[in-house]
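Engineer: Here is what each chain is made of, one letter per residue.
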Amino acid sequence: MLLSETTTSPLFSLVPLIVFLPVLGLLVNMIFGGRMGEKAVGAVASAASGLAFVISVLLGIALWTGGGEATVVPFAEWIKIGALDIPWNFRVDTLSVTMMLVVSGVGTLIHIYAIGYMHEDVRFKQDEKRYRRFFVFMNLFIAMMMILVSGDSYLMLFVGWEGVGLCSFLLIGFWYEMDTLGRPSWANSNAAIKAMIANRIGDFGFLIAGLTMFWAFGSVQFGQVFGIAEEIAAAQPGIILAITLFMLIGVAGKSAQIPLYVWLPDAMAGPTPVSALIHAATMVTAGVYLVARSWPLYSLAPNAQYIVAMVGAVTALFAATIAVGQYDIKKVLAYSTISQLGFMVAAVGMGAFAAGMFHLVTHAFFKALLFLSAGSVILGLERGHHHLAHHNSSAAAAPTPPKDGHTPAGHFGSPSHHEEEVFDPGDMRNMGGLRKRMPVTFWLYIIGTLALAGIFPFAGFWSKDEILLDAAKLHPEIYILLAIAAFFTAFYMGRQIWMVWFGKPRHAAAEHAEESPKVITVPLMVLAGLSVLGGALNLPGLHTLTRWLEHTIELAEHEVHLAAWLQISWGGLNPLVALLSTVLALLAIFISWLIYGRKPLETGQKDPLKKPLGFIFTGMENKWFVDEIYSVVFLKPYAAISRFLADVIDWRFWHDWFHDKVIAGTYQWISRTVLDLRVDQQGIDAFFNGLGELTKRTSAGLRRLQNGFVRSYALAVLFGVIAILGYLLIR
Amino acid sequence: MNFGSIPLTYYLVLSAALFTMGALGVLIRRNALIIFMSVELMLNAANLAFVAFARQYGVFTGQLFVFFVMTVAAAEVAVGLALIVAIFRTKHSIDVDQMSSLKG
Amino acid sequence: MDLTLILFIILAVTAIATALGLLISRNAVYAALFLVMNFACVAIFYLLLGAPFIAMAQVTVYAGAIMVLFLFVIMLLGAEKLPKGDVLPVQRPLAIGAAVILLAEAVILLVQRFQSTAMLQAPGTVENSMDSLREMSGLLFTEYLLPFEVTSILLLVAMVGAIVLTKQEKGTRG
Chain A
587 MLLSETTTSP LFSLVPLIVF LPVLGLLVNM IFGGRMGEKA VGAVASAASG
637 LAFVISVLLG IALWTGGGEA TVVPFAEWIK IGALDIPWNF RVDTLSVTMM
687 LVVSGVGTLI HIYAIGYMHE DVRFKQDEKR YRRFFVFMNL FIAMMMILVS
737 GDSYLMLFVG WEGVGLCSFL LIGFWYEMDT LGRPSWANSN AAIKAMIANR
787 IGDFGFLIAG LTMFWAFGSV QFGQVFGIAE EIAAAQPGII LAITLFMLIG
837 VAGKSAQIPL YVWLPDAMAG PTPVSALIHA ATMVTAGVYL VARSWPLYSL
887 APNAQYIVAM VGAVTALFAA TIAVGQYDIK KVLAYSTISQ LGFMVAAVGM
937 GAFAAGMFHL VTHAFFKALL FLSAGSVILG LERGHHHLAH HNSSAAAAPT
987 PPKDGHTPAG HFGSPSHHEE EVFDPGDMRN MGGLRKRMPV TFWLYIIGTL
1037 ALAGIFPFAG FWSKDEILLD AAKLHPEIYI LLAIAAFFTA FYMGRQIWMV
1087 WFGKPRHAAA EHAEESPKVI TVPLMVLAGL SVLGGALNLP GLHTLTRWLE
1137 HTIELAEHEV HLAAWLQISW GGLNPLVALL STVLALLAIF ISWLIYGRKP
1187 LETGQKDPLK KPLGFIFTGM ENKWFVDEIY SVVFLKPYAA ISRFLADVID
1237 WRFWHDWFHD KVIAGTYQWI SRTVLDLRVD QQGIDAFFNG LGELTKRTSA
1287 GLRRLQNGFV RSYALAVLFG VIAILGYLLI R
Chain B
99 MNFGSIPLTY YLVLSAALFT MGALGVLIRR NALIIFMSVE LMLNAANLAF
149 VAFARQYGVF TGQLFVFFVM TVAAAEVAVG LALIVAIFRT KHSIDVDQMS
199 SLKG
Chain C
62 MDLTLILFII LAVTAIATAL GLLISRNAVY AALFLVMNFA CVAIFYLLLG
112 APFIAMAQVT VYAGAIMVLF LFVIMLLGAE KLPKGDVLPV QRPLAIGAAV
162 ILLAEAVILL VQRFQSTAML QAPGTVENSM DSLREMSGLL FTEYLLPFEV
212 TSILLLVAMV GAIVLTKQEK GTRG
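Chains as they are written, first to last, in this note's numbering: chain A, 587 to 1317; chain B, 99 to 202; chain C, 62 to 235.
None of these hints come from the bench; they were simulated from the model.
Every residue gets a Cβ at the ideal spot worked out from N, C-alpha and C, and that includes glycine.
Do not take every clue at face value.
Unchecked claim - Within a straight-line C-alpha distance of at most 27 Å, the following computed DSS-like cross-link-like pairs (lysine-lysine) qualify: (1) LYS189(B) with LYS1282(A); (2) LYS142(C) with LYS189(B); (3) LYS228(C) with LYS189(B); (4) LYS201(B) with LYS145(C); (5) LYS145(C) with LYS189(B); (6) LYS1185(A) with LYS1022(A); (7) LYS142(C) with LYS201(B); (8) LYS1247(A) with LYS1197(A).
Unchecked claim - In silico contact screen, one side only, chain C against chain A (beta carbon under 8 Å); selected entries: (9) LEU149; (10) GLN152; (11) LEU155; (12) ALA156; (13) ILE157; (14) ALA159; (15) VAL161; (16) ILE162; (17) LEU163; (18) GLU166; (19) ALA167.
Make a model of the complete structure from these sequences and hints.
Structural biologist: Printed below as a string of C-alpha cells:
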C-alpha cells in the first residue's frame, strides 16, 4: 500500500482532469448551451465525457508501464480540523482505473446515444432547455462518479457516492411532471423520491460505517485505514465486523440489493440512457466497487463476507424470478440488473474480488447495450405509433402531452378523455415480430441477450462462469442459488426475445415500427462489440484482469478442500461448471421457446405461464408484493405513527397544550403582567422617560444661556478665568 | 532700595490692573471698535509683564515674545477691522449687541 | 524716592488713567486717543526695562500703524458714538464685580504668592545700545526662526483675509 514516488509518471498528474473535464462540459452547456442548439450541446457533453475517457486510457497506460503500483496524486487540502486531516487526493491504481475506464467509456457511448434518443423522446417537446439540462446532469454524473472511484478516502468516496445519488434523483425525475407515458402525473417524481429515500437508508449505513471507522482507526484514508486494519482486527474484531456490515447497508442501497432494491425498478421512469448509464452500468456498481475497495476490511471479517455473499446470492435469485413475470421491457431489464448486481455482490462478498469486478465490467457492456437497444425499440414503436396517428388522423390514440409542461398541477385530477386508449410503447404485449421492422436493433439485442444469458463465447459467459466457479469452490449453497438465478436469467431473456422480436405484431404500432438512426445504432454496435469480446479481458489461463487487479487487491489463496469434480481444470476454467451453466442456459432458452416461441402470443392473450404456475406467477408478476409488504409493514405504520406523533403528540399535546397553554401562557403572563407593565412600563420606561424629560427641561433652561450676545459669552469666559485663578489661589 | 531700581512686583501689579481694565472694557462696551481697543490694551498689559520678566532674568526671550505678540496683534487688527467693516455694511451698526442672531 | 520711581509712578498713573478713559469715553475717537496715550506710556516702560527695540516697535506699530488704522475705520464708518440704551442691563454690574475679583485674585497671586523681591535696575547705555538689538536679531533668526517664518505667513494670511473680507462684490452693494 506504500506509494512509489520513484515510478510516478507525469501522466498521473492528469488525473484531476477526469473530474474537471466533465465539470467544464457541464459549465459550458450551462452558460452557453441556450444558444448553441441541440447538436452542439450533445457534442460538448459527449466530448467532455470522451476526453475523460482519453485521460483514463492514458492513466491506464501510465499504470501499465509503471508496473501497476498505486499512486496517490495530491490535489488540494480539503478538511483540516485538529487531528482530522483529509486532503482531496486522487488514487490511481488498477481498481480505480478499471472503474474510470468503464464509467467514461460506457458513459461516452451513452452520451452519444442520448443525442439521438433525447431528441426523439415523445416527452421531449422541442424544449431546448430540457435537452441542455439533461446533458448537464449527465456530465455532472460522470464527474461525480469519477470523484467516487478516484477518491483516496472514504469521505471523498462518500462525496461522489452522494453526488451520483443526487444525479440519479435528478435524472429519474427528469420528466418530473409526467409519468412514463407522458401523461401529467407525479409518478416520475415519486419514483425519484423513492430512489432518494431508499438510498438515504443505505447512505445512513455507510455514514455510520465511516464514522465508526474514523472513531476506531482515526482516519478514513484508504492507505492509513488498510495499513492498521489488521492491528485493529486483532484488538477489536467486532469493530471490523460492524464497519463492514454497516457498509453492507450502504451497498444494498446503492447497488439495489435486498432489502433496499425496490427503488431500482421504479427508477426506470428516467430516460432510457439514464437507465443504461446510471441504473445499469455504473452507479449501481458503486456498491460492488466499495466492497472491492474495502477488501482488506472484508478479508478480516469472514462472517461479514458470508453475509454479503448471501445477500447478493439471494438478491440474484429473487430478482431473477420477478423478472420472469414482468411485461415492461425496461422493467425486465431492471430486475435483471438487480439480479446481476446480486451476482457481483455475491462474488466480492466471497472474496472473489477479481471475478466480481470482471462481471461488473462485462455487465456494464451488455446491460448498457440491452437498455439502449430497448430504448431503440421503444423509440421504434413510438415512431410506428406516430405514423399511425398521422395516417388515421385520430388524435384520440395519441398520448396528448400537457400543453404547458411546467404546470402539470392544473391537469391533475381532470379526467383525461383519452385515458382508455393510452399506448405504452414499453409494454412487451404490444410488441412482437419486430425483427423484420428493426433488424439492426434485433441483432444487437440478440448479442446482448446471449451475453447476459452466459452463452459461450460472449462476455457474460466468462465473467458469470468465474463467479460460479468461485462460488462452487467456496460456498456450495451460494453456488446453487446463483446457478438457479442464472437459469432464470436465460429464461426471462429468452421470453423477452420471443415476445418482442418473434411472432406477429400484437399492436398496430409494432406493425409500423421503424429502425433508429445511426446516432443511436452506432454506439450500440460498439457496445455489442464489447459484449462479444469483453470476455477477452480475463480469459481462463491468461487472467489479464485478475493479474491487473492483483496490484491493488491481494487475492487470498483459497485453502479449501475441493471436491473431486472441481479439481479438473483447464487453465482455470472448470469444464464441469462451465458446461453445467451453459447447459442450464440453453435449457432455459429452450423452455422459453417451448412456452413463448413455438406458439407466439396473440393480442390480448394472457401469459401462458399464468395457468400452470397460478399464484406463483401472480407473485412474480406483482414483484412478490414486496412493495405492498413494505407498504403494510413500514410505510403504513410509519405514516400512522407520524400522524399520531404529528396530530396527538406534536399538535395537541406539544403545541396546543404545552406550548400554547403552559409555555406561552406562562411566558405571556410573565411578559405582560410582570415584565411589560411593572418592569418595563413602570420601571424602565418611567426611568428613561424621566431622564428624557429632565434633559428636555434642562436644555430648555440652558438654552437661555445661548443668548447670542457676544459680551455675555465673554463674561462667561471671565468667570472661567476667575475660577481658575481662584483654584490656583486656594491650591 | 537701590538707586534707579523698581521692584518687579510693581510692574506686575500695573500689568494686572491694565489687563483687568482691558477685560472690563471688552465686557461693558458695546462699540465693537472700543472692544477691539480693549483687547489691544490687554495684549499690552501682557507684553509689559513679559518685558519685566525678561529684564529680571536678563534674557531676550521675553522681548521676542512681545515681538511676536505685536505681529499677531497687527494681523488681528487687520482682520478684525475688516470684519467690522463687513458687518457694518450689512447691519449699519457696530453695536455688538445687535449682532445676536445666533441665539438658542 | 529716586527719580526712576517717581517716573514709574507718574507713568503708571497716566497709564491707568488713560485706560480708564478708554473705558468710559463715549466717543470712539477719544477712546482711540486715550489708547495711544496709554501705548506711549507702555513704550516708556519698555525703555525703563532696557528694551529699546520693543519700545520703538510699540510706538511705530501700535501707536503709529494700528491706532491710525483704528481712527481711519472710525472716521470711515462714522460710528464715533452709539445710541443709548443697553439690552443687557445686568452685564455692567456683573462685569465690574468680576473684574474686581479678577484684579484682587491677580494681585494676591502676584504679590503674596509670588513674593518676588527682585529689583529691576534702570538700564544703562549698554543695554540701550544697538548691541542688544544685534543679540536679539541673532536669536530671532536662529533659535526662533520657525516662529518667525510662521509669523510672516500669518501676516500674509491676515492681509489676504482682510482684502477678501472687505471686498465688495458686484451686485451686493447696498
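Engineer: Checked against the structure, which of the hints given earlier come out wrong?
Structural biologist: 1, 8, 13 and 15
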